[in-house]
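Q: Could you build the full structure based on these sequences and the hints that come with them?
Those protein sequences? They're chains R, D and V, same order as listed.
703 is the number of the first residue of the first sequence in this note's numbering; add one for each residue after it.
29 is the number of the first residue of the second sequence in this note's numbering; add one for each residue after it.
28 is the number of the first residue of the third sequence in this note's numbering; add one for each residue after it.
Keep in mind the hints are simulated off the structure, nothing from the lab.
Beta carbons: idealized from backbone N, C-alpha and C, even for Gly.
There may be inaccurate statements among the hints.
[What the hints assert, rightly or not] Which bits of chain D does chain V cover? Going by a derived footprint, with three or more residues having C-beta under 8 Å, they are:
1. 177-187
2. 251-263
3. 274-283
4. 291-297
[To be verified] Lysine-lysine pairs mimicking DSBU-like chemistry, simulated, CA-CA at most 30 Å apart:
5. R:K748 x V:K451
6. V:K379 x D:K281
7. V:K403 x V:K191
8. R:K748 x V:K422
9. V:K216 x V:K173
10. V:K173 x R:K748
11. R:K845 x D:K212
12. D:K281 x V:K301
13. R:K845 x V:K301
14. V:K354 x V:K87
15. R:K748 x V:K379
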Amino acid sequence: MKPNRGWTPYLFVLPAFLVFAVAILLPVLATFGLSFTRWDGSGPLKFKGIANYTRALHDSVYISSYWHVLIYVVATIVLEVLLGLLLAGAVSARPGTTFYRVAFFIPVMLPLVVIAVLWSFVLNPDFGLLNAGLDAVGLGGWKRVWLGDPNTALLAISVISGWIFAGFYMAIFYAGFARIPKDIIESARLDGAGEWTIFRRMKVPLVRGITEIAVLLCVTGGIQVFDLVFVLTNGGPYNTTEVPTTYLVKTVFRDQDVGYGSALAVILTVVIALIGLLYSRLRRKTSDVEF
Amino acid sequence: MATFDAVSNSDAAQSFAGRKKGVRPSDVLFHVVMTIYAMLFFLPLLWMAMSSFKTNGQIFQSPFALPTSWDWSVFATAWADGGIGQYAVNSFIVTAVSMVAILGLGSMAAFAFSRMKFRGSGLLLTLFTLGLLLPIQSYFIAQNSLFEYLHLKDTRWALIIPYTAMGLPLAIWLLKAYLDSLPKELFEAARIDGAGDLRIYWSVVLPLVRSGMATVAIFSALAAWNEFLLALLYIQNDELKTIPVGLLAFSTKYITDYHLLFAALTIVTIPMIVIYVLFHRRIAQGLTEGSLK
Amino acid sequence: MRLSRLASVVAALGASALLISGCSSSSGGGTTSASPSDQVLRIAMTEPGADVVKVWQQVKSEYEAAHPGWTVQYNFQNDDIYSTVGLPSLLSGGNAPDIYFEWSGNRLQTRVADGYAASIGDQLKAKGVTDKYVDGAFGGTTVDGKTVMLPLAKDVSNVIWYNKDIFAKLGLTAPTTWAEFDALNAKLKAAGITPYAMGNKDLWPAGNWNAHVLSRIVGEQAYADALNMKSPIDSADWVAAMDKMKQIHDSGWINDSVNSISDNEGYTLFFTGKAAMTPIGSWLVDVRNGQSPNFNMDWFNLPPIDGGKGNQQSVMGVSTGLVVNAKSAKIDQAIDYFSVLSGDDIQKAFVKAGGSSLSKAGAASGLNPLSERLLKLIETAPEIVSPPDTGYNLKVADALNTATSAILGGAMSSQDALTQAQQKIDALK
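A: In structure tokens, the structure reads:
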């Protein structure tokens, strides 16, 4: 390939770069800058040093929002990734499972807000499908105000999240399983290994690389959960489902506290970046073979 | 990077060809369990669609009963009077323009990064790659202020620009990988024939990366169609709202008119499900590939 | 292979969308930013009931008929979204509203301080608008001595609404003392009827109610001082006052779903007879007229609380109205619009639709008796208490309202809830 002349390459890259720089790079830098100020979004800027960061460290709601998101992430690793893995194992072990695969994947297609509104009706304490269903099967005693009770609200959000995304992880694992050479599986089968053994002893270890990516996706995506929480509880009851993103939006848009909100955003970004970095370090050490 | 081939069912079926025929109890159990699990997905959707035809009283009193009458006009009401139609048009415009912009700008840049040498290409590529990792929270606050300053809020550009910018890193990354895997002789032959860069881009690059473009298109279209946070913050004018925010506005406006609400939910979900069922293999592949980068 | 089919569908969609968006941007369908020369008067407000919306449309047609070439564009938004994300974004965005709805108190002061509220007193007088209103209508519309708002209503933010049919059936009457009030709740509960329905997902409904109770007990000055961060909110007085709400939870007097449903869903519970009372503001008349016009209801103000330090006849209320955006290039048109709006026929129409009116003609045209008594209540109130979220700093209000919601959810003791609120307030200093 001969080196290109002068400005042509830039003409090809520039349009994309301009849009990217104006809409993302510049705002990232500006957010970082704003995090050291006190600003209400329109008036004069006041430099405050690291005051916003020390305030965040003493902000009990903000600190607790990380605990909530941690619980949510742990729950979704089980309800999304692990469940997805099991489903993939189930549908790939037999023929004629297209119907199930299509069904489980449907929620991934729909806007999260739409699903959240739908589920807020399913969980509605007065006429919702769930409480009515419990009544119908004689389990009326299990009825709850699912989203208004701090003991169940976060769990309910996690379960809805699992309902949506288990199918997504199933699709990933299913594709992974399909790339395992068939003769390996067949010969194990001929040796009399059961499907569960094949799944646990062969398939799961062979898609380890995919599992690691899936967990990383689940963790970094989970920390940024917003749509579901915003619609279902908006952090309530009394901040018990507050997650970093809902608190951030309240701080910036309700309280007009742009400087402090920027600091909270920077902290969140750093947390996500650290997890990503740490995770890729660990992965490089433990796995050389990626399937 | 992990890319997966879509596996056709016949492939999967073949690997079971050697097994003996006949219905086994474990097969029956399997299908029973899976069907029950699949019901978890269809029941709420079915309940939603059915409730569109019921009165508030029926929704409260007999949630499982079939509707007693089938009044289809409720959908027309939700679509026209409730504004769902306008929201759908807005979503369509914003999604389509962002998607075309991502495909166009992304493939041009990917071509340059993959097949041209120029100063600063490493740095620029690194910046774009960084875009894959940056969460939306790292920029939306200042982006909001910037758009205010530029008077972009409450215009469609306030969504099209960020959606395009958010989709570009993935598009460039994926399409560059596709282009990198192509033999360089293809490009050299075109150049010897006297084709310029633009010509090569148009008649060599674009046709060859069609499959990659489809992945990018699916991924970015769904991302734009479903995006909520920015749409919530940047669009207050009801006539410009996209489906997610519009539906939320609809649901607070008609909070006690339950069958109308269910009708609106049905209108926005059923077409998506139909599209998905028609193209499920491509869509599932596009989404998983896009997420795994 | 489905790929090529999909690709062609995608390409066709893209091309047609480009066409559509191209069309709409040339015809000004929202993609162009505001130009000072466009002849559109933009008005943003919270979503009123369906009947009242029709009157607003009538104002629009009258204005447009009198000002050829001009159009009025309304932006009605859900209450909670409007007051938090909606209005601030609108004001700072392109196509900012020329006129917008606002609550008096701290919110209005903030708008003035940020340069979003024009002083309109002289123009209103010159156009004869001011004279059309009843005495005292403009109370609460001034900041620093300047009139910055055209009053729409004096909302009573909290009274106790009750279902007259249920009360009649059980032989109950509106209580006049707190002891009677407690006895009433106990009787309802014993009869298998939940005394209160409320949708407190957005925190302000129960927040207002409890703030009224708290201000009666700790005293109006102590209430204002605590919300202005001048004195602690977790003192012994406050803790004791909070126990009133705790009693409501502990006795099972309120719907279990209180913290998970919206204000509107709470009203529906009340209208469908799922509860006997709902403590909320004067706008419930408007909601009732739109939703279940035949519902038989009445109200009473919070009964006096024995030993309370506040004025036991106090009323919780707030003035609402329309503000002219000082940054608008169409202030004269906005004043013209106000002059159409204050027209006698329009004001009478608002009253007829179940809305409120502070104009002489409107007030004289026979307000709904419920609304008329409410107006009298606030006009003759010996003491008016501001709701936390309109009268004071939003973050302080949020801290207190969150505490109230935790009490109603039975999650904490009064002491713990208020200590936590105080910690949040301390962090703001």
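Q: A separate judgement is required for each hint: does it hold in the structure or not?
A: Okay, the hints, checked on the actual structure:
Coverage of the stretch 177-187 of chain D by chain V holds. Counting CB-CB distances below 8 Å, 7 residues qualify, and the rule asks for three or more. For the stretch 251-263 of chain D, the stated coverage by chain V holds: 3 residues have a C-beta nearer than 8 Å to a C-beta of that chain, and at least 3 were required. Under a criterion of three residues with beta carbons nearer than 8 Å to beta carbons of chain V, the stated coverage of the stretch 274-283 of chain D is upheld, 4 such residues being counted. Beta-carbon proximity to chain V at under 8 Å applies to 0 residues in the stretch 291-297 of chain D; the threshold of 3 is not reached and the given coverage is violated.
Of the supplied pair hints, the one linking K748 (chain R) and K451 (chain V) holds, its CA atoms being roughly 22 Å apart against a limit of 30 Å. Taken as a hint, the K379 (chain V) and K281 (chain D) pair is honoured in the structure, with Cα atoms around 22 Å apart against an allowance of 30 Å. With a C-alpha separation of about 21 Å, the suggested pairing of K403 (chain V) with K191 (chain V) holds against the 30 Å cut-off. Pair hint K748 (chain R) plus K422 (chain V) holds up; C-alpha atoms about 20 Å apart against a cutoff of 30 Å.
A C-alpha spacing of about 50 Å is found between K216 (chain V) and K173 (chain V), which places the hinted pair above 30 Å, so the restraint is violated. Using a Cα cut-off of 30 Å, the hinted pair K173 (chain V) and K748 (chain R) holds, with the two alpha carbons roughly 29 Å apart. Between K845 (chain R) and K212 (chain D) the alpha-carbon distance is near 65 Å, which puts this suggested pair outside the 30 Å criterion. Note on K281 (chain D) and K301 (chain V): the hinted pairing holds, with a Cα-Cα distance of about 22 Å set against a maximum of 30 Å.
Taken as a hint, the K845 (chain R) and K301 (chain V) pair is honoured in the structure, with Cα atoms around 17 Å apart against an allowance of 30 Å. With a C-alpha separation of about 22 Å, the suggested pairing of K354 (chain V) with K87 (chain V) holds against the 30 Å cut-off. At roughly 51 Å between alpha-carbon atoms, K748 (chain R) and K379 (chain V) are farther apart than 30 Å, so this suggested pair is violated.
Of the numbered hints given earlier, the model fails hints 4, 9, 11 and 15; all others are met.
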